[in-house]
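Peer 1: Next come the chains, spelled out residue by residue.
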Amino acid sequence: MTSTASEVVASPARPHRVTLRKTLIACAVLAGALLLAIVLMALLGSEQLPVRASLCALASFGTSTCGLSQDQFDILFQIRLPRILLAAAVGGSLATAGAGYQALLRNPLAEPYLLGISNGAAVGTMIALVFFGASEWTRPILAFTGALAATLAVYRLARGRAGATPERLILAGVIVTTFLSSVIVFVTVLMDATRIRSFTFWLLGDLSGTSKALLPVTIIIAIAGALALTLHARSLNLLMLGERDAFDLGVEVGRVRIVVFLVASLLVGSSVAASGSVGYVGLVVPHLARLSLGSDNRLTIPAAALGGALFVIVADTVARTVIAPRELPVGAITALIGAPLFIYLLRRA
Amino acid sequence: MLEARNLTVAYDYRIAVADVTLSLNAGEITAIIGPNGAGKSTLLRTLNGQLPGSSGNVLLDGEPIERLSRRTISRRIAVVAQEAELRFPVTVLEFVLGGRFAWATHSGWGWETERDLHVAESVLRETELSGLSARLMNELSGGERQRALMARALATEAPILLLDEPTANLDLSHQATLLSLVRTRCDRHRAAALVVTHDINLAAQFADYILLMKQGKTIHAGRPEEVLRPEILQNIFEIRVLVDAHPVTGAPRVTPVHERG
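Residue numbers (numbering that gives the first Met the number 0), protein chains in the order written: chain A, 0 to 348; chain B, 0 to 260.
Since the hints were made in silico from the structure, they are not lab data. Quantities reported herein were computed from a predicted structural model and do not represent experimental measurements. C-beta: ideal position from N, C-alpha, C; glycine also.
EDC-like cross-link-like pairs, simulated, lysine to aspartate or glutamate; straight-line CA separation at most 20 Å:
1) B:Lys213 / B:Glu237
2) B:Lys213 / B:Asp163
3) A:Lys21 / B:Glu113
4) B:Lys216 / B:Glu237
5) B:Lys216 / B:Asp18
6) A:Lys21 / B:Asp115
Label pairs and their calculated CB-CB ranges:
7) B:Arg70 / A:Leu345: 34 to 40 Å
8) B:Ala133 / A:Leu23: 20 to 26 Å
9) A:Leu19 / B:Leu58: 37 to 43 Å
10) A:Leu39 / B:Glu113: 41 to 47 Å
From just these sequences and the hints, can you work out the full model?
Peer 2: Below you can see the structure in the form of structure tokens.
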């Protein structure tokens, strides 16, 4: 009996199932890479910082300046590090949300940006900016509301007699995205010229302007959201293969659907409120995770979260250094990398 | 084990199942036969709690099924559907292990136990899929996929099996193998099975009890020899049939007579 089981687990051919051990190893590797990326990207920027001293300061968690000037220390700890951590939180949130939508909607193309959910969050944020400008907290709250409203709209639109087929879903997503884009354009036109430029920049994904207060919230939501979805990973594994089958096998489909929609909307809402609409992360990162690690969500969701964080950190570093001292919106970089990468992935499939 | 009492299922202003009473007993295979639209699949879906009945009861081990949790039901009833939605790549082993979900201690997360693996291995052997356990589901042929669906249902270790046209995509040899599997389960493990099928002769050979449905109603029910009679079948299917005894097995054999000219 035991030898048969170990035969199954230790097969040298393709890994045909995911175990706790494999998950922990993969996540440890990704977390290590993430940590490395945080440190390395902190050293890069329009302002040259002394490498040794910066590493020393980072290692001491900011308790010692290690010989850095006050200006350099501030650049490192007040500007770059918060921005990098925000990039990680946004990337992790969007990739996790993407993985969640793909599993729940049984569609490898489901992504917050393509489904119009990011636009819903953007509209929510805009309403917060225009009507409640002074209060920062209204932004993530209204972004979450906008994301949720867009999710419900897409889901409702996509339901036909046969349930939400992938084709109907994409169509519904396109309808909602374009409608909300027009709303955004409409409101933008009502703004004055100076605000339009910075707002358009923000819409394309901008990590430079976030306030200090929102950063911890965004990080907490990213971690909590990834955990929440991972805890439903086994249900999602079954849901991915058909709602009816999942139901037959014991999954409480209605409950899981509500949890995923709420958590994913929260993740998208907090990301968009903090940094605008960063596209392609929720599409490309989970795809890459599934291609290299298999479709088991117990592994792909945490892997996507860590991978998404990595992806956006790197993209944002490119965005702020490639034409320094000027900056590009990070969403432009993720799209420039993401779209060709996605075409490549599609062709491989 | 599983019963329907005066069950009526109506939706979209249409009565799909009208006042049907049936009981699945341990060790028995019950086949449901009827023309398209007779309500067979609707009946099956109501029996596992997926569709709500409009009136009447579905009782699982004596309890009304609406009162039971999803998990309790899936430990007692397993469904073998006609085909699987395979939009994501998944290996045969992972697919079959999905059947162990109902036994997970923490729903939603958690990892498969040694027991889960042992059961999966054993059902893969039973369905002759051991050699394919590492392959991706969408690399398999239609027949192999159907066996994987069967394996997953068997992996749940549920004593009640509901099969919705399980032999639809199978070649002759695999049709017999699949139903023999069901027969063995019923004989050896005292399972109860309900098979919705279009294949009257297969039902005649394997079923202990046949229910003939038309337009949601039970027209006739009983042992194959009682039910599969020309007058009854002609009434249901509106086609002339010839019924004789299978020369080898002795089971009723139904042959349609097609009018020429």
